[in-house]
Amino acid sequence: MALQLVPHNTKIDFVGGRFITFCLAIFLAVLGTSGYFNGLNFGVDFKGGHVLEVHMDKEPDLTTLRENLNALNLGEVVIQEIGTPKDLMVKVELQDGDDSAQGNAIEKIKAVLGADQQYRKVATVGPKVGGEMVQNALKAVALALAAMLIYIAVRFEWQFAACAIVALAHDCLTLLALFSWAGLEFNETSVIAILITAGYSINDTIVIFDRIRENLRKFKKLELKDIINKSLNETLSRTMMTATTTLIALTALYFMAGPVISAFSFPIIIGITVGSFSSICLASPLLLYMHLPRGDSSSDTVEKSVNLS
Amino acid sequence: MLQLSKMKLLIIFGTCLLGVLFALPNVLDQKTIAKLPLFLQNTVNLGLELRGGSHIQLEVDLKSAHKDYLSHIKDEVRSTLRKEQIGYTDLKLVTKDKGNVTLTLLNSNDFAKAKKVIFKIDSYITIQDLSNGNLNITFKEDALEKRNKQIIEQSIEVVRRRVDESGTKEPNIQRQGEDRIIVQLPGVEDPAEVKRMIGKTAKLTFRLVDNNAQSVNATEDGKPMGVAPQGAEYLMTTDHKGNKYFIPVRKEVKLTGDQLVDARITEDPRSGQPAVSIQFDSKGTRAFAEISKNNVNRQFAMVLDDTVISAPVFNEPITGGNAQISGRFTYKEANELSVLLRAGSLPAPLKVVEESTVGPSLGADSIQHGKQGVGIAFVLVSIFMIMSYSLFGAIANIALTFNIILLFAGLSILQATLTLPGIAGIALTIGMAVDANVLIYERIKEELRTGVKVMVAIQAGYKRAMTTILDSNFTTLLGAAVLFEFGSGPIKGFAVTLALGILISLFTALSLTKLIIYLWVRNKKNLTTLPI
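Protein chains in written order, with our numbering: chain U, 12 to 320; chain H, 4 to 535.
Check the hints yourself; a few may be wrong.
To be verified - Here are the simulated PhoX-like cross-link-like pairs (lysine-lysine), alpha carbons at most 25 Å apart as the crow flies:
no.	chain 1	residue 1	chain 2	residue 2
1	U	K150	H	K495
2	H	K9	H	K527
3	H	K495	U	K58
4	H	K198	U	K58
5	H	K354	U	K58
6	H	K149	H	K77
7	H	K198	U	K102
8	H	K86	H	K116
9	H	K198	U	K132
10	H	K9	U	K139
11	H	K66	U	K139
12	U	K139	H	K198
Unchecked claim - If you only want the chain H side, here are some residues facing chain U, beta carbon under 10 Å, derived:
no.	residue
13	Q33
14	I36
15	G55
16	A221
17	Q375
18	I386
19	S391
20	Y392
21	P424
22	V441
23	R467
24	T470
25	T478
26	L481
27	G482
28	S491
Since the hints were derived computationally from the structure, they do not count as laboratory data.
Just so it is clear, CB atoms sit at the ideal spot from N, CA and C, and this is done for glycine as well.
Chain U with its partners taken away, still in its complex shape:
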């Protein structure tokens, strides 16, 4: 007997439970909006600054190290362990002055940490580059989402695209909430994480919408509410299967693929979960309010099987 994640004849009333799920969605969206005002923990990619990743030959005393680095008067210094106690990440703001002032700052930090330590990464990002990166990334994301929505509007009806937008906005806001309130660093890979979430969510939504469209044609007399429920239940097995395989892969990354990829996978794990939720519990029930054109409802064309040659 094969493993069955979801029994095949579920009759869950997703549409009936919409007030609960809408409330949850609104709560997450509010959390995200307030997160935006709470501010994001922008990484060096975005706000500019210096980052050093160093592998120390012995476990350092962080308190002393912090004091010594602060004594350099380079502004705020952030020291973080990455992975092991011997692996440190040191972040400093950009210094006033020209290129040489930036180089000097790095030399001073290296002198405190010890010149013969193993420097695994040293990076400097100018403020202008950082600002542009945010803008370019956001522009690319916005355009990509717009293109996808136009496609949905063309292939389906504009009402479907409208519901997809709401679900997408919800997913992005939820991730924003995560980044802001959990204080996760927001850098260029975070934008990619949001993109993956949005892409996955829209994919998921389309699969369900596709079934709704099909059932709308098949069962012209059935109430919209029942069609939505029927379609959601019919596709539930697929929704759960794909979400599970994706989450399995991501969880493997989270635990096994080292600190950088691990940090990258975490928001995607949340994003995939939220994306599945919004496809089922937000985008689809919302169709109820969209006055979908139903066409002629005189007869049900019940297709038993497709014509096969």
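Dock chain H against chain U, hints included.
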């Protein structure tokens, strides 16, 4: 019954075979790869963060280049109007916005004549008559763009030559956005030296020293003590003892470093110190001979980026096109200067706006971790698929395996750069690649429940899942295309991996698994249930 055309079979198996072939070099060592035919030698291009090295982003200061050029035009206007004996006043360079040069003609009737001679200076400029003899000289809009493009291209070329001279292997230098240049130096752990070399403008000019003024000392804040005569400027230099002082140098440039064919390190025969010997091209040789003939016993200055590095006297006409620059160089400095002179001068100053250096150990660790993560993701997803769909799950896993192989083949052929998020993208592809198969299998299961025959259920499953698969994948593909077009750096790389992943999963799900399933069903007569 099912008809499988030979052609279709050939294409499907051919594609898989080619995929294996093109992905293979990625798991071979360098020596074995070198023995392969050339078209098979491509491997996935590892990003700097994975292989280690330096990444430098430079900004070309177009504004400053632009200002220099306008100031050159101003000088030309002055000398042209003087030559043509057209009276003018108030010749000014305005640096605001795009910059312009303004002047007032003493006699506004001279406008037509003035316009004619000024136009001859440069084809890029345009002149407006602002009444009362006021003239406004600006660049033509399209000319400005053309010039900016030239400056960037030329800058890239010079940077490339300088980096090549520095001995870095496989550097990657490319334009980024409007006015940026990205320099990637694999394996370089300390970019300070390369950065210094790249950043120098290295504009070498030969000018005469002004006879009507004396050298002056520097003030406390490093400015010359005195004002240079008209048409000359005070430029800094250093004497034998290392003291800084200023020499009055004519602004007129007699000859530039652009007319060199060679520059190499040599030894000053008198002092035994390192020096740089230069060789002019034929045009430069003639010009140098002319200048030295007309100015015997006069002092001239070799100026590098606003500093006089040497100011010898022409003892006799120099006709061979050879000259020696002997400043007070160390061996390293002389060598660097010769490299810079060979590579040519930058048309505009460059500024480092971003840099990062990744040590080789971090890259190796990331690859190691990435392999581990991707491998475990693959195994777990495979187990889960078999648990869920038994034999059909195993068939989907064959497709998944080819998915990864074809993805690596595609990345190798396209020479796309694999970055850290790219590795995560591969793992994600593993999770999502089974989606098409899941959609089909779920449909087949639904059809089976309506009680139709096995073969009918399979065909209906494929047919009905098709629109969904195409719609959902096309949307994502569209998104990836937009990201590729408008994104930069890692986002672009991610878009390539994503698009490749989608196309390949479409191929494996709609051709490969379908084929295997059909072949399997064909060999089993009288099937009543499916292992799904």
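Note to self: Are any of the numbered hints broken by this structure? If so, which, sorted upward?
What the structure shows: Violated hints (numbers, rising): 10, 13, 14, 16; every other hint is consistent with the structure.
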